[in-house]
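Chain by chain, the residues run as shown.
Number of protein chains: 2
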Amino acid sequence: MEKWYCLHCHRFQELDIHSPFCHLCESPLVIWPQKKGRSFHLDRPSSLEKFKAFLPLNRLETKLSLGEGNTPLLRLYHIEKRLRSSFPIYAKNEMVNPTHSFKDRGTTVVIQKALALKIKKIGTVSTGNMAASTAAYGAKAGLKTFILLKEDASLEKTLSTGIYGANLIRVKGDYGELFKESYRIGKRVGIYFANSCDPYRLEGYKITSFEIYFQLGERVPDYLFVPVSSGGHLVGLILGFLDLFREGLIKRLPHFIGLQAKGCSPIVQSWKKNLKEIVPIKVPQTIAHAISNPSPPAGKLVLKLLRETGGEMLAVTDEELMRAQGELASLEGLFCDPASATTLAGLKKWYRLNRQIKPREAVLVLTGTGLKDLSPVKEREKISLISVSLSGLEEALTSLAI
Amino acid sequence: MEKWYCLHCHRFQELDIHSPFCHLCESPLVIWPQKKGRSFHLDRPSSLEKFKAFLPLNRLETKLSLGEGNTPLLRLYHIEKRLRSSFPIYAKNEMVNPTHSFKDRGTTVVIQKALALKIKKIGTVSTGNMAASTAAYGAKAGLKTFILLKEDASLEKTLSTGIYGANLIRVKGDYGELFKESYRIGKRVGIYFANSCDPYRLEGYKITSFEIYFQLGERVPDYLFVPVSSGGHLVGLILGFLDLFREGLIKRLPHFIGLQAKGCSPIVQSWKKNLKEIVPIKVPQTIAHAISNPSPPAGKLVLKLLRETGGEMLAVTDEELMRAQGELASLEGLFCDPASATTLAGLKKWYRLNRQIKPREAVLVLTGTGLKDLSPVKEREKISLISVSLSGLEEALTSLAI
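Going down the list, the protein sequences come from chains A and B.
Each number in my numbering corresponds to the 1-based position in the first sequence with 301 added.
Each number in my numbering corresponds to the 1-based position in the second sequence with 301 added.
Don't read these hints as lab results, they were simulated from the structure.
Every residue gets a Cβ at the ideal spot worked out from N, C-alpha and C, and that includes glycine.
Keep in mind that the hints are not guaranteed to be accurate.
[Claimed, not checked] Simulated restraints, written as ranges between beta carbons of each label pair:
hint, chain 1, residue 1, chain 2, residue 2, range
1, B, Ile-687, A, Lys-304, 35 to 41 Å
2, B, Ile-703, A, Arg-383, 55 to 61 Å
3, B, Ser-685, A, Lys-552, 49 to 55 Å
4, A, Gln-570, B, Glu-696, 55 to 61 Å
5, B, Asn-359, A, Lys-304, 54 to 60 Å
6, B, Lys-577, A, Thr-699, 34 to 40 Å
7, A, Ser-340, B, Phe-546, 34 to 40 Å
8, A, Lys-552, B, Phe-341, 33 to 39 Å
9, B, Lys-481, A, Arg-656, 51 to 57 Å
[Claimed, not checked] Over 10 Å on every C-beta distance to chain A, these chain B residues come out as not near it, computed from the model:
hint, residue
10, Arg-312
11, Phe-322
12, Cys-326
13, Trp-333
14, Gln-335
15, Pro-357
16, Leu-361
17, Arg-385
18, Ser-596
19, Glu-613
20, Tyr-652
Could you build the full structure based on these sequences and the hints that come with them?
Quick look at the structure:
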């Protein structure tokens, strides 16, 4: 029998898919692992099948998968050189998931669970990656899907979610209130709202940790740089390494460095002041929309887990993350979104502040593609573009090619 | 020693990377396979390593790869049901490549070859997927990269290529002339222009065929539906199955169904009239920009190969392909570009015309993501979007959820 647990208060809690938060501290609940001695099936093609023993699923309906996971871990040689790094730097490229972000790993587990529970209606509160991911997997599973969007959701994001046939509902009013309301109404109306910190979503993120472990040759990464919005992704990654630890496969956890954008960095603010609570941000101001969460539901839990595991929270400016976005593209061929670019900006900042530390390696988790929002790219001056006539092409190429 | 061959005239030809076309018929040349008895290394993580024995590369620099390939083959249960199909229908999802299109499979081989030949400058003529792919891999390899764009290239495509730091050159004048000029100037200035039918690009596309063969359980797919622009991708896929045939692993080739958009269907026009030559289209008019090629360099070769292998060319209207784009998203969770959607639109048309045929299965090759051009989505009326206040949300969800 599955058990839900608060990693913050260390208490088991009742299961309620419409209220997956601790009664005491309001942190998101996680699934307590059922047994030890679990095994991997690395010969299977799908990531869910490979790691099924570590998921709270009795059976898998592989036909509901869109082929998520199995993403590459790429070594960033040019960035290492640019930073004069004494250690290898890798990128875990989550952009090559089916809807081009890490969210698919969580959604696929949510969908499996919905099927097991005979739930026919799912939903989510999101303006971006999670909306598209939930709409896509909802379509594949033939579920009725409801996406609650912020009032000011961009046309591009609305369209690229709407194409999947989900019901889109733009809601005027406070976003934090909307988050809470979604659970209350979901319970009454019979819609499973799998929001950012849903316990089954977090189970899906564990697989990223397992993959990194195997891609590094069955080793724990020394430092892991992760963009932090609600905090759910980071908690899920930690759960993955906790599973490996419990199985005796690793002897310690990675150092997790959580990144936020300076214009919306509630967890970093509390981290710096050594607080245990999150003070919500009133007016978020950052170009990194995917992590612009003024009141992260897992914030308090992230603070506690990072303190316990020797991690850290860091903020980077929009200028720093935009420069990092350009470097990842022009040096490594990886065009990620501004949220993902906080990992490189954060690594640079961290490296400046911690020259004495010699990590074995650092892994940057690139969470989503740059294609979904080209506005930060529009603001660049560095794009090299000239116009010529066909007859002037040879001259132009000759001078550029020197 | 590598040999280049014209599959149209059945003649060996001289190697010239700046002029990879037959002296007699101007068809693109292909690499003649060097030996038989080649083996797969399916235990390797990278797609290039798995199939290295089938590539014209003496050694691999895996550090130049962005993790392309290894894409999922997904069964389309809902579409099968909608079509009342008597056979399984699969999608080969090329959207999850590093720059979100099949082009990466070709570019990665081009880059390997450039390195082997000590070439420092590469280029391509493209307005879309190939531009981004070449710019990304050029960046990863530290090469100087030149992208020649059409005068009217959209801002979005220009930006999402420019972010990789390539030299972008917008060229006024005839696009067909530009294609030819790129080779001539490339030879003079020392830039390797790896355009759409480059022989090394085609070698990369072979891997898609190998993957499909293994994903189907070491079987040849019965029918393969492929969007056709220059014709290079289709020729590459055929080369892959020819390799499997030569190795004695399959006894026949798939039936290839090549798809074009009605508003730019030069190969279909010749196919219908049973011509051996391509008559260029004067004013292409289709929303499927990725396959809007008025004068496909491999057109003549495609005609010949499809006749020899029991294949077919079909055209679909923009209306048909837009409907198919919506169906792939809303029934199967796959948001592809209009070019990719021709495969489903084409399958539907083909199935109406050929009810007597009972294929063992059909595979649709989805070549690129829908994210790069949202304009076809904007024209949809079917997106379900309402606006409510927070206090009106419960009522709205209650009525929608019934």
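Structure versus earlier hints, numbers of those that do not hold, lowest first: 4
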